[in-house]
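Read top to bottom, the protein sequences are chains A and B.
Counting the first sequence from 1 gives a position; our numbering is that position plus 18.
Counting the second sequence from 1 gives a position; our numbering is that position plus 486.
One should not assume that every hint holds.
[Said to hold, decoys possible] Using 27 Å as the maximum straight-line C-alpha spacing, the simulated DSS-like pairs for lysine-lysine come out as follows:
| no. | chain 1 | residue 1 | chain 2 | residue 2 |
| --- | --- | --- | --- | --- |
| 1 | A | Lys-141 | B | Lys-525 |
| 2 | A | Lys-111 | B | Lys-634 |
| 3 | A | Lys-94 | B | Lys-587 |
| 4 | B | Lys-554 | A | Lys-82 |
| 5 | A | Lys-182 | B | Lys-525 |
| 6 | A | Lys-94 | B | Lys-697 |
| 7 | B | Lys-524 | A | Lys-94 |
| 8 | A | Lys-82 | B | Lys-516 |
| 9 | A | Lys-94 | B | Lys-682 |
| 10 | A | Lys-70 | A | Lys-20 |
| 11 | B | Lys-554 | A | Lys-94 |
| 12 | B | Lys-492 | B | Lys-634 |
| 13 | A | Lys-82 | B | Lys-525 |
| 14 | A | Lys-94 | B | Lys-606 |
| 15 | A | Lys-141 | B | Lys-524 |
| 16 | A | Lys-82 | B | Lys-634 |
| 17 | A | Lys-94 | B | Lys-492 |
| 18 | A | Lys-111 | B | Lys-606 |
| 19 | A | Lys-82 | B | Lys-492 |
[Unchecked claim] To list a few chain A residues with every Cβ distance to chain B over 12 Å, as calculated:
| no. | residue |
| --- | --- |
| 20 | Met-19 |
| 21 | Ile-44 |
| 22 | Leu-46 |
| 23 | Lys-70 |
| 24 | Lys-71 |
| 25 | Leu-96 |
| 26 | Pro-99 |
| 27 | Asn-100 |
| 28 | Gln-101 |
| 29 | Asp-103 |
| 30 | Arg-151 |
| 31 | Tyr-178 |
Calculated from the structure, these hints are not laboratory results.
Positions of the beta carbon are idealized from the N, C-alpha and C atoms, including for glycine.
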Amino acid sequence: MKSILSEPQLAITIKRLAHQVLENHINLDNTVLIGIQPRGVYLSDQLVEEIKKQVPAHKIQYGKLDITFYRDDIRKELHVPNQTDILFSIEGKNVVLIDDVLYTGRTIRAALDALMDLGRPEKVELCVLIDRRFSRQFPIQPDYVGKSIDSIITQKVKVYWKQKDGKEEVMILE
Amino acid sequence: MGLTTKHLLGIKDLTKDDISLILQTAEQFKEVLQRPIKKVPSLRDVTIVNLFFENSTRTRISFELAEKRLSADTINFTSSGSSVSKGETLLDTVNNILSMKVDMVVLRHSASGAPHFLAKHIPAAIINAGDGINEHPTQALLDAFSIKEKTGGLEGRKIAIIGDIMHSRVAQSNIYLLNKMGAEITVCGPPTLIPKYIREALSVKVNYNLKETLEWCDVANVLRIQLERQNQVLFSSLREYNLVYGIKRRMLDDLKKDVVIMHPGPMNRGVEIDSDVADSHQSIILQQVENGVAVRMAVLYLLAGGSSSN
Chain A
19 MKSILSEPQL AITIKRLAHQ VLENHINLDN TVLIGIQPRG VYLSDQLVEE IKKQVPAHKI
79 QYGKLDITFY RDDIRKELHV PNQTDILFSI EGKNVVLIDD VLYTGRTIRA ALDALMDLGR
139 PEKVELCVLI DRRFSRQFPI QPDYVGKSID SIITQKVKVY WKQKDGKEEV MILE
Chain B
487 MGLTTKHLLG IKDLTKDDIS LILQTAEQFK EVLQRPIKKV PSLRDVTIVN LFFENSTRTR
547 ISFELAEKRL SADTINFTSS GSSVSKGETL LDTVNNILSM KVDMVVLRHS ASGAPHFLAK
607 HIPAAIINAG DGINEHPTQA LLDAFSIKEK TGGLEGRKIA IIGDIMHSRV AQSNIYLLNK
667 MGAEITVCGP PTLIPKYIRE ALSVKVNYNL KETLEWCDVA NVLRIQLERQ NQVLFSSLRE
727 YNLVYGIKRR MLDDLKKDVV IMHPGPMNRG VEIDSDVADS HQSIILQQVE NGVAVRMAVL
787 YLLAGGSSSN
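Next up, chain B with everything else stripped away, as it sits in the complex:
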């Protein structure tokens, strides 16, 4: 029993059984988080460093809480204020931290493949907390957990991923995961923000029409426009984007069903999602955040136990 992998670099490397095991373990951690003492001693001999070379609110706090709830010792590192600005390389930074006896590394980096590079060169277990435009595996896992919790399963569910697919690691990880678990996926957004060959490469449906997509889906996962990763003009204005692809209350009310609304955060209210949608009964955005801690506990627990035996 255990995961087939020593690191969590991406959903791409996980098997269906791995994903099921993580989700199943997360359910038990969710129960732990409802207790008066929301803490278990499982990882009290493990030290984890959270290396964040890119901004983050939810993911960093969620990982840190997950580690603390498992009784692990944690160190937080953010690139601003560190020796990175003095010219130290990623590998040197990590090796220096590891020489202080650290067992696991949680890494967020703006370069796609940074965690894969580290995994080749250092002995510690690596968890990818988002690398460039490649993957964000724990987000996909918590999204899957939330969908499962809300709708009862993943297989055969119709999931729409709406917004900036091109620059979104959340989209890519979600697509890998949902495909493996047998869900149906449609990506929706302006043609300039959807990779040209995504239909063939990732076997998803593409629909440029938001209304049709919403009519089709059970769950809509709405993504943020990643302006920080776009170095050219891909749509004319945020206002125009909102008019054509923003999720609006009226649009949802016209449907004959309740579509579940998700968003990985941070939200830009009034751009990809309107406030009266984000705060409505259909939205499970805050449940996603809550589930994030349980899912990350499961990942840390499964990677620290058994497989890393010495």
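Bound conformation, chain A alone:
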């Protein structure tokens, strides 16, 4: 077990991600932020809070996307769906997808399919807290990265969130 981001580091990282997203989307009118259920939402909640602090005058369009019905492994293992909560159109919008860990890329593949069923976005970007490089199974790369790590398949990367796990930390479990 090894800690990769402590609580204060995590807070700073999220702040930086918020700034980077804002840098590219200085006018938020045509941008929507979408967190991926279930665990990406803890990151997206905080990210959106940060962005609000920076540009309090802007109305931020923020939604949550559940990808359960789009998974490619439902025959192997049953997943219980979470809520999709997107109360705006994504037609022609710049979408920033937000998830906690990018690993094989399968979740993002599913998320892209799910997104396309909601409309035709102008552009889709990906923001992740942890990028596990070299373990991708699909050609998917993030646009905003909290921290890149090199890990092997047998290791597990776990992000703990206050609301859910009582502490805020990123760890590698052997």
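For chain A, the structure is supplied; the task is to place chain B on it using the hints.
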């Protein structure tokens, strides 16, 4: 995670957790059905046959839509016009269909226990879409979903089931389900249409007085008189039935509260329910139909995923 059962033969075999899981999953499918593209790719590698040996409008269309919304391939079979009239047995019919690589069977049959019999003899997952006077589990699930949506929950709700309880699989499935989820149930109807020992067997209250029942309940689920299953005279005339047990506007207006009115369909207007009740703001009959698709999607999704892994 998943259901404790491989088939959906009846509510009787489900646990409380199973029912909660189905209702919770159905909520997410209901959201899918509000989208511009009302379809998800979850079951695109699954083939489902809808075997209907008995007439049906809502259930068959609802199942077919649910399957299509999940991207499954579907085949429809109705007994009229099939080789059943040439003397083929149920098991032979199903085995022949299964040899064409079908994964799930949705079955409606006039014989109680037909899906249970099939489940013993064939490898595919079976979903009971109504068997004789036994059970109609997806109807009970969609009724529960609709009650929950309208009143916020099931536990402690007072539900009246009114009409032909004796011949109703909807009533039986509803009673099993509502009992498991902690609702209170009263059945109401003419004594000839209520099984004698239902109080003891299914732990429900019985009240032969419609007015008292309506005063007691939060939700009234009104059932059709199943003339096709009655081979003796159990009440004198439909007109008399309407006068004593038909739900009337005036009766509801006299109550000090808004009772939610449900009906599984098909309705016989002017018999068990009057038009000005069926079409009123209190009625959620069409919402029940709408919710049926989401609930059936949930059942198909949960039975196709995980548990049937090979």
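How the hints compare with the structure:
1. Lys-141/A x Lys-525/B: holds (22 Å)
2. Lys-111/A x Lys-634/B: violated (36 Å)
3. Lys-94/A x Lys-587/B: holds (19 Å)
4. Lys-554/B x Lys-82/A: holds (25 Å)
5. Lys-182/A x Lys-525/B: violated (31 Å)
6. Lys-94/A x Lys-697/B: violated (53 Å)
7. Lys-524/B x Lys-94/A: holds (25 Å)
8. Lys-82/A x Lys-516/B: holds (16 Å)
9. Lys-94/A x Lys-682/B: violated (47 Å)
10. Lys-70/A x Lys-20/A: Violated, at roughly 33 Å.
11. Lys-554/B x Lys-94/A: Roughly 22 Å separates the two Cα atoms, so the pair holds.
12. Lys-492/B x Lys-634/B: Given pair Lys-492/B, Lys-634/B holds - Cα atoms ~25 Å apart, limit 27 Å.
13. Lys-82/A x Lys-525/B: Holds, because 18 Å separates the two Cα atoms, which is no more than 27 Å.
14. Lys-94/A x Lys-606/B: holds (24 Å)
15. Lys-141/A x Lys-524/B: The hint holds at about 23 Å.
16. Lys-82/A x Lys-634/B: Judged against 27 Å, a Cα distance of about 24 Å means the pair holds.
17. Lys-94/A x Lys-492/B: holds (15 Å)
18. Lys-111/A x Lys-606/B: Roughly 53 Å separates the two Cα atoms, so the pair is violated.
19. Lys-82/A x Lys-492/B: The given pair, whose Cα atoms are some 32 Å apart, is violated under the 27 Å limit.
20. Met-19: holds (26 Å)
21. Ile-44: holds (30 Å)
22. Leu-46: holds (24 Å)
23. Lys-70: Nearest chain B Cβ is 26 Å from Lys-70/A, so the label holds.
24. Lys-71: holds (30 Å)
25. Leu-96: violated (3 Å)
26. Pro-99: Label violated. Min Cβ-Cβ 4 Å, cutoff 12 Å.
27. Asn-100: About 7 Å separates Asn-100/A from the closest Cβ of chain B, which leaves it inside 12 Å; violated.
28. Gln-101: violated (6 Å)
29. Asp-103: Violated: least Cβ distance 8 Å, not greater than 12 Å.
30. Arg-151: holds (29 Å)
31. Tyr-178: holds (22 Å)
Violated hints, in rising order: 2, 5, 6, 9, 10, 18, 19, 25, 26, 27, 28, 29; the structure is consistent with all others.
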